[in-house]
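Mind docking these for me? Both chains are given alone in their own frames, and the hints should help you get the complex.
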Amino acid sequence: MLSEALVLAFFVIGIQSMVPIVMAALGEAVAEKSGVLNVGIEGMMLIGAFATAYMGITRSSAGLGILAAVVAGCLFGALLAFLYVNRGTDQIVTGLMFNIFAVGLTGTLHSLYLAGQNGETLSGITIPGIGSIPWVGEILNKQNLMLYLAIAMAFGVWYLLNKTWYGLYARAAGERPLAAESGGLDVLRLRYPAVVVGCVLAALGGSALVLATSGGFVPGMTAGRGFIALGVVVLAKWRPQWIMIYALGFGLIQGLQFLAAQVAALQSVPRQLWVALPYLLTVVAVVFAPGSTYPAAVGIPYRRAGA
Amino acid sequence: MAVETVAAGDKTETPAWVRTLLSLAGTLVAMSALVWLLGANPLDVVEAIVVGALGNPFNIGQTVVITGILILTALSAAIPFSARLWNVGGEGQMTVGAVAAAVLGIVLPGTWSPWLLVPVVMIGSLVAGALYGAVPGWLKARFDASEIVTSLMLNFVAASLAAWVIFDVYPEGFVQRTEAIHVNAELPRPIEGSLVDVGILIALATAVIAWFVMKHTKLGFSIRAMGANNPASRLSGIRTDRVTVQTFLMAGAFAGLAGSLVVQGRDHSLLQDFSANLGFLGIGVALVARLHPLWVIASAVFFAILRVGSNSLQAGAGLSPVVGEIVIATFVILLMVTKVIKFRYPENVDAQ
Chain V
1 MLSEALVLAF
11 FVIGIQSMVP
21 IVMAALGEAV
31 AEKSGVLNVG
41 IEGMMLIGAF
51 ATAYMGITRS
61 SAGLGILAAV
71 VAGCLFGALL
81 AFLYVNRGTD
91 QIVTGLMFNI
101 FAVGLTGTLH
111 SLYLAGQNGE
121 TLSGITIPGI
131 GSIPWVGEIL
141 NKQNLMLYLA
151 IAMAFGVWYL
161 LNKTWYGLYA
171 RAAGERPLAA
181 ESGGLDVLRL
191 RYPAVVVGCV
201 LAALGGSALV
211 LATSGGFVPG
221 MTAGRGFIAL
231 GVVVLAKWRP
241 QWIMIYALGF
251 GLIQGLQFLA
261 AQVAALQSVP
271 RQLWVALPYL
281 LTVVAVVFAP
291 GSTYPAAVGI
301 PYRRAGA
Chain F
308 MAVETVAAGD
318 KTETPAWVRT
328 LLSLAGTLVA
338 MSALVWLLGA
348 NPLDVVEAIV
358 VGALGNPFNI
368 GQTVVITGIL
378 ILTALSAAIP
388 FSARLWNVGG
398 EGQMTVGAVA
408 AAVLGIVLPG
418 TWSPWLLVPV
428 VMIGSLVAGA
438 LYGAVPGWLK
448 ARFDASEIVT
458 SLMLNFVAAS
468 LAAWVIFDVY
478 PEGFVQRTEA
488 IHVNAELPRP
498 IEGSLVDVGI
508 LIALATAVIA
518 WFVMKHTKLG
528 FSIRAMGANN
538 PASRLSGIRT
548 DRVTVQTFLM
558 AGAFAGLAGS
568 LVVQGRDHSL
578 LQDFSANLGF
588 LGIGVALVAR
598 LHPLWVIASA
608 VFFAILRVGS
618 NSLQAGAGLS
628 PVVGEIVIAT
638 FVILLMVTKV
648 IKFRYPENVD
658 AQ
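Heads up: the sequence lines are chains V and F, in that order. Residue numbering for the first sequence follows my numbering, starting at 1 and increasing by one per position. Residue numbering for the second sequence follows my numbering, starting at 308 and increasing by one per position.
Quick caveat, the hints were computed from the structure, so don't treat them as lab data. This one's a predicted model, so the numbers in the text were calculated from it and none came from an experiment. Heads up, the beta-carbon is just placed ideally off N, CA and C, and yes, glycines get one too. Treat the hints with caution; some may be incorrect.
What the hints assert, rightly or not - Among the chain F residues that face chain V by a calculated CB cut under 7 Å, a handful are:
| hint | residue |
| --- | --- |
| 1 | 343 |
| 2 | 344 |
| 3 | 348 |
| 4 | 350 |
| 5 | 456 |
| 6 | 457 |
| 7 | 460 |
| 8 | 463 |
| 9 | 609 |
| 10 | 630 |
To be verified - Label-pair ranges, simulated between beta-carbon atoms:
| hint | chain 1 | residue 1 | chain 2 | residue 2 | range |
| --- | --- | --- | --- | --- | --- |
| 11 | V | 58 | F | 336 | 22 to 30 Å |
| 12 | F | 483 | V | 58 | 51 to 59 Å |
| 13 | V | 124 | F | 365 | 18 to 26 Å |
Okay, chain F solo, but in the shape it has when bound (with noise of 0.2 Å):
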């Protein structure tokens, strides 16, 4: 569904970013009065997130890290939402990108120069991503079978089989995690003693792209306007059936992209359970950015901040780490209680 922006004559006359404030201040509110009851401070809550995602420049690193990660789940959300399409499938596209990136890690050889294996690696993840995301969107067009449904079951399938890759193909030990890739597949770390790899710099040129496409192809326009009217754009020619399909792969390839930063980048081996959900945090990303692919970055700093600080709750504040999760859940409802976030449905489905 296309989200808008509070068009002019709305009944609520207050400025969305009011609103968006009001919607912060809310979720701290209810933070604050959630962790009081648990027994903890919540001063020192804020302080151990801030501290956890920006008190040193190993918490930074980490933190630029998601935050290209996001950026690519959240794009791997925005586009198809834009057309009215629900990829709620990220979080496996994700996957399978992982293990892609993972498996071609392993296997390609690993005396090929990085300049070769780093972008064939990144490549056949992109690849993988897409191809899986396009499921849902080919089910679509073809079955016109829920895609909500489809892209959300195929989550638990990638789960499945990076679970079979990590124990049974190429298990490392008792650690759960698959062995080592390449070093010469990794991404290059440039700057000395920081965990920040190029992966970031692939994502925001990635987010610039998706911009592009939106704003100035003929793609970026069909999608646009199914978000805006699927029937009169069918009527005026766009052949929605093959949008939906390629809405899907771009979808899929960007998510698998967000995989392969995962496993070249941040751990340069498949771990169970490396996403924790940053592929359904994607969802709440590009809704905060109402789905604009360049405010997704900002978007996914913020979250990213989130994310990262929540690793330090258990030390500074005695809360388990998804006190996180929490904050990031409450704070996309509240944006859409008080309407910053607001979706156009058709007008009357009486008449349909």
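Chain V on its own, in the form it takes in the complex (with noise of 0.2 Å):
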């Protein structure tokens, strides 16, 4: 039966994996108001994971592990910008050939190097007044950092979007570049920074992943967050406060597995249909967001007017 540490454990998982889609989809967000439609994400987040995972090993430190997914982010981040904006090279295979580099070097280095080990995880913040709160205080104790992170970084892109010049100018970028450009902007500089910034989201995203496990790199463990986080994007147009909701909603989900491993009455359900859930939800969301449409110039390169 469900006893109540079971429903405390299942919410204080559900919460655990909604932070890494929290931080990859905020990142795509950006970088498709301003016409990036980056699929390389899910690489981006395993190679956010394994810098994370490599500082917390080498170095036992989550800070600087932490730290080694922002560079990380950086400059793997400014290597798409110049595929996707300066290159003008196609987004979506693009975005998917990188995924496959990106398996193929965090799997490379893992092997190397960081093969069977475990390094450093941060441990749960008590706020002071909400962690007294019953049932509310033991699920947020339990979490670490990184949630509160993702807040932040929620207002922060919201802000970023909505009330800053930078904001607008890249939105008018992502829908009429043309357009854009004739007002006097320059598209392509405009696209890049939202690009990189995008990537260090997702590669914290990884970083989250790994500190809220084992603090170790396990080959492939975004298992397809990144493209989770891509139709979360979709189904929250693009509205940061929504992203967190549905990918709350993901994060649960994937808190299932937990709780169906533990329930006896679930046991008979096979245990591969909670893994599948989230994917199909995604299928049925994206199919069913209503009036949900990318920004018009998603996907398309540019190039300046007249080149």
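Below you can see the structure in the form of structure tokens.
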């Protein structure tokens, strides 16, 4: 039967699973708003996860691990931005190939340096006041820094896209690039930082994944979360607050896997069904996402007028 | 998106073959640098790959088998891409085909003659792959749902289905595979002492059929017209919704057949992680072939050598086999950077 402890554990796992998806989806939303579909976030999460695990294991520092994910996000984000924006390579194919590249790179480095090792993890943070509320406190006390970082990121992305000159111009570059350029904006220079920032957020998502589990790296550990994030962005219509809500939904669905293994009544259901559920729901959700359309110029490399 | 060769008068005057060689050289340089940084000798890596793929009849056999599978997964990307439909679900369609082959190969009576059992199982895979492939096509046609997202997600659903069949339905002790299929459902291996099965012939024939369909049939014409200009093709009377579903059906059938080659030809059961990205690599194969069904064959040989050769990297150079993945991804990206692989887009989104 469902015990109180089990339900609490379900929510703890659900919120933990939400964090990487929120970060990746926010990163994707920034890139897409500027007109770049970055299918490479899955690979970027893997690289971020590896960077964090590497520093956690070799330097025994979670802080350096997070920093390493940011650095890796900048470096590979710049590489991807160079390809997507400057060279105008096809975004979907480049992203998919980048994912394969990331599988190869992290797999190779993992077998050379990190195989089978556990590293640093983050422990839960107790917020004074909230921590003593029954149930809510018990769930939130188990959550680490990354949850609060994710919430801060959501505010940050909302502010960036809606309240700054950069957000306004980047959205113009994502909807009507030619008009934006006619208005004196530099479309390429607007898209470039959006891709890099998006990659840093995705890399931090990978970092959150590592810091919430064993601190070690497992090849392919992102297991499609980057792709779920792509679906979440469409569902949430690129709005950060809705990204949080949908990602929580997907996190709780992942928590169901844990719950199903513990509850006798659910054990007759094949456990693979729970694994498949988030992906199936993403398909259903994308089909029925009412009125959700990509920014008009997403996926189309921009060439300067007359170039 | 239609991949096009470089038109006359293009700003970059260097011929495409020179840029292809440049990309290849760039890949070699980048890989050598990486391998050297990792503390291995680049020459050892090249030797390990070549010997691992072509060094003896056994390895050549493996390379031929992988070539056949890659031809089919590449076709499952190349055909929809020609219509600007993004089927990135070849991996899942192949997995469903492999599951169908394993289940049929186990449940159908093993006493049936191979002349009956082999084709029946194979057609089962093909149909299963086609139906699974049709889902994103239908969702695209009916609901305008992004086929990139749906076909990608269905890969993971297929992987769960395979895991269920492997671990719960037909488990084989503690190994991560199903029980073996009937001997009479296995593809024949005509060459004594070699792994090569007739799957490669089926793959080659499929490539020729795909070429014929694209070049000489109404469907092929409609696919190419959609790729060139979707609104114009619709205005000229092509039923683009129907063509979308048909294209995905065909793509799924090719990938499903690849699954049959894996189970009936290579493994004789369904293995956990049997694919190791063969479906995704098909996208790379298709792009390097510039989506041409016959060039897919040559491109698949190249990728198969890399893939099979990489397996001996651990012994030959102390590196993980996934290094091959880096080589392949780098090469395809460089081909795009040098504009050997180019895509056409609607000229001006602002005017839409």
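Status of the hints after comparison with the structure:
1. Interface restraint check for residue 343 of chain F: the shortest CB-CB distance to chain V comes to about 13 Å, outside 7 Å, so the restraint is violated.
2. With its C-beta approaching chain V no nearer than about 10 Å, residue 344 of chain F sits outside the 7 Å limit, and its interface hint is violated.
3. Given the 7 Å rule on beta carbons, the hint for residue 348 of chain F is violated: about 15 Å separates it from the nearest Cβ of chain V.
4. Against a cut-off of 7 Å between C-beta atoms, the interface hint on residue 350 of chain F is violated, since the closest Cβ of chain V lies about 18 Å away.
5. Look at residue 456 of chain F: its Cβ gets to within about 5 Å of chain V, closer than 7 Å, so that hint holds up.
6. Because the beta carbon of residue 457 of chain F sits about 5 Å from the nearest beta carbon in chain V, less than 7 Å, this interface hint is met.
7. Interface hint status for residue 460 of chain F: upheld, as the beta-carbon distance to the closest one in chain V is roughly 4 Å, under 7 Å.
8. The beta carbon of residue 463 of chain F comes within 4 Å of a beta carbon in chain V, closer than 7 Å, and the hint placing it at the interface holds.
9. The closest approach between the C-beta of residue 609 of chain F and any C-beta of chain V is roughly 15 Å, which is over the 7 Å cut-off, so the hint fails.
10. Interface hint status for residue 630 of chain F: upheld, as the beta-carbon distance to the closest one in chain V is roughly 5 Å, under 7 Å.
11. Our hint of 22 to 30 Å for residue 58 of chain V and residue 336 of chain F holds, since their Cβ atoms are close to 29 Å apart.
12. As the Cβ distance of residue 483 of chain F to residue 58 of chain V is approximately 32 Å, the hint placing it in 51 to 59 Å is violated.
13. Between residue 124 of chain V and residue 365 of chain F the Cβ separation comes to about 54 Å, which falls outside the hinted range of 18 to 26 Å.
In this structure, the earlier hints numbered 1, 2, 3, 4, 9, 12, 13 are contradicted, and the remaining ones agree with it.
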